[in-house]
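So the sequence lines, in the order shown, correspond to chains F and C.
UniProt numbering applies: residue 1 is where the first sequence begins, and numbers increase by one.
UniProt numbering applies: residue 1 is where the second sequence begins, and numbers increase by one.
Among the clues, some could well be false.
Covered stretches of chain C (chain F as the covering partner; in silico rule of three or more C-beta atoms under 8 Å from a C-beta of chain F) [said to hold, decoys possible]:
id, segment
1, 26-36
2, 46-52
3, 55-64
4, 92-103
5, 144-158
What the hints contain is simulated information worked out from the structure, not anything from laboratory work.
Small disclaimer: the values here were computed from a predicted structure and weren't measured.
No residue lacks a Cβ here, since even glycine has one placed at the ideal position from N, Cα and C.
Read off the chains here:
2 protein chains.
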Amino acid sequence: MIDTVVIPERSGTAFKLDKGATLTVIDPRGEQVADLLAFNAEDVREVISSGRTLDYAETIRLTLGNKLYSNRSRVMLTIVGDTVGCHDFLLTPCSIDTFLHFYPDLPPHRGCFGNLAEALAPYDIAPDAIPIAFNCFMNVPVDGQTGKLKVLPPLSKAGDSIALRAEMDLIIGLTACSAPDSNGGTFKPIHYRID
Amino acid sequence: MIDTVVIPERSGTAFKLDKGATLTVIDPRGEQVADLLAFNAEDVREVISSGRTLDYAETIRLTLGNKLYSNRSRVMLTIVGDTVGCHDFLLTPCSIDTFLHFYPDLPPHRGCFGNLAEALAPYDIAPDAIPIAFNCFMNVPVDGQTGKLKVLPPLSKAGDSIALRAEMDLIIGLTACSAPDSNGGTFKPIHYRID
Chain F
1 MIDTVVIPER SGTAFKLDKG ATLTVIDPRG EQVADLLAFN AEDVREVISS
51 GRTLDYAETI RLTLGNKLYS NRSRVMLTIV GDTVGCHDFL LTPCSIDTFL
101 HFYPDLPPHR GCFGNLAEAL APYDIAPDAI PIAFNCFMNV PVDGQTGKLK
151 VLPPLSKAGD SIALRAEMDL IIGLTACSAP DSNGGTFKPI HYRID
Chain C
1 MIDTVVIPER SGTAFKLDKG ATLTVIDPRG EQVADLLAFN AEDVREVISS
51 GRTLDYAETI RLTLGNKLYS NRSRVMLTIV GDTVGCHDFL LTPCSIDTFL
101 HFYPDLPPHR GCFGNLAEAL APYDIAPDAI PIAFNCFMNV PVDGQTGKLK
151 VLPPLSKAGD SIALRAEMDL IIGLTACSAP DSNGGTFKPI HYRID
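Turn these sequences into a full structure, and let the hints guide you.
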């Protein structure tokens, strides 16, 4: 039996993921977002790259079969399961600045950015090195005519998941998102397991 | 009289841009792309961020009046002139890996990535620190339904330009793009001036 790990609401974690292992990110209650980062465990200057990935995939809608590339154009992760088919790879993790910008009336929160920065610090990954995350379940439609984007509630239902196989030894950062807009105004945990 | 500087075809350069100065990037022949990077001149770990910028602007189509943010959520540049209105901020600079992927039958070229890496090296900016560039004049429509993106010839005509005012002291990297798809299959120079 494989244990499922709980990431409590508005928090984050980091862990090693060996080459060949599969990380399954689960939305246990539905309509929650998990920001995912990946770094080469042997050299953390190699990092997941939205720009490389979108270029090679020729789409902003990544799903089953798509590969997530590093800034060195190497495959870090392959999506091997996806019950949702709607994720975001355009936006950086929410941060205290995001809260001040979008939610001036709410108490500011360090957000996924702050949670990732703390979780990744033991791996010698500095906050400035946090790039655009692969935002599991995040629903960011783009208007093809105007280019305008919106952050809408995720399409994920309780129990939905995305599975990613590591193609190199990785350090993963993963959160249960803290921003009201990305999860329909509620804060919920994220589960994950490694097979 | 302000001198115009020529960036020869398939090459790149880097230079300091003082706070308050305006950089005008000119497409002298039309249908050419210039990849633009910006770093805080006082601390090059602060770098232009597509993810922050798209999040705050709520659009992927940046033009007159939009601000380009750093990874620390500070404004680096403001777009103060734009005769085209179509630029890309999704894709990383073309590189030798891009050429091997998209143009397997052409002689590979180090691309904008290699040109930027060489130009930025004297400023202690490593290749791994090159993020998604603001790709002036690059025409990357996204299908709002499917998410698919295409790289089409730029909409810029000969003499078109975009002007950006520096909101902090910056190091700028700038290229005349090397990838056939981004400029309709031809290679042309880019001009710029600083006012």
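Evaluated hints:
{"no.": "1", "hint": "26-36", "result": "violated (count 0)"}
{"no.": "2", "hint": "46-52", "result": "holds (count 6)"}
{"no.": "3", "hint": "55-64", "result": "holds (count 6)"}
{"no.": "4", "hint": "92-103", "result": "holds (count 5)"}
{"no.": "5", "hint": "144-158", "result": "holds (count 7)"}
In this structure, only the earlier hint numbered 1 is contradicted, and the remaining ones agree with it.
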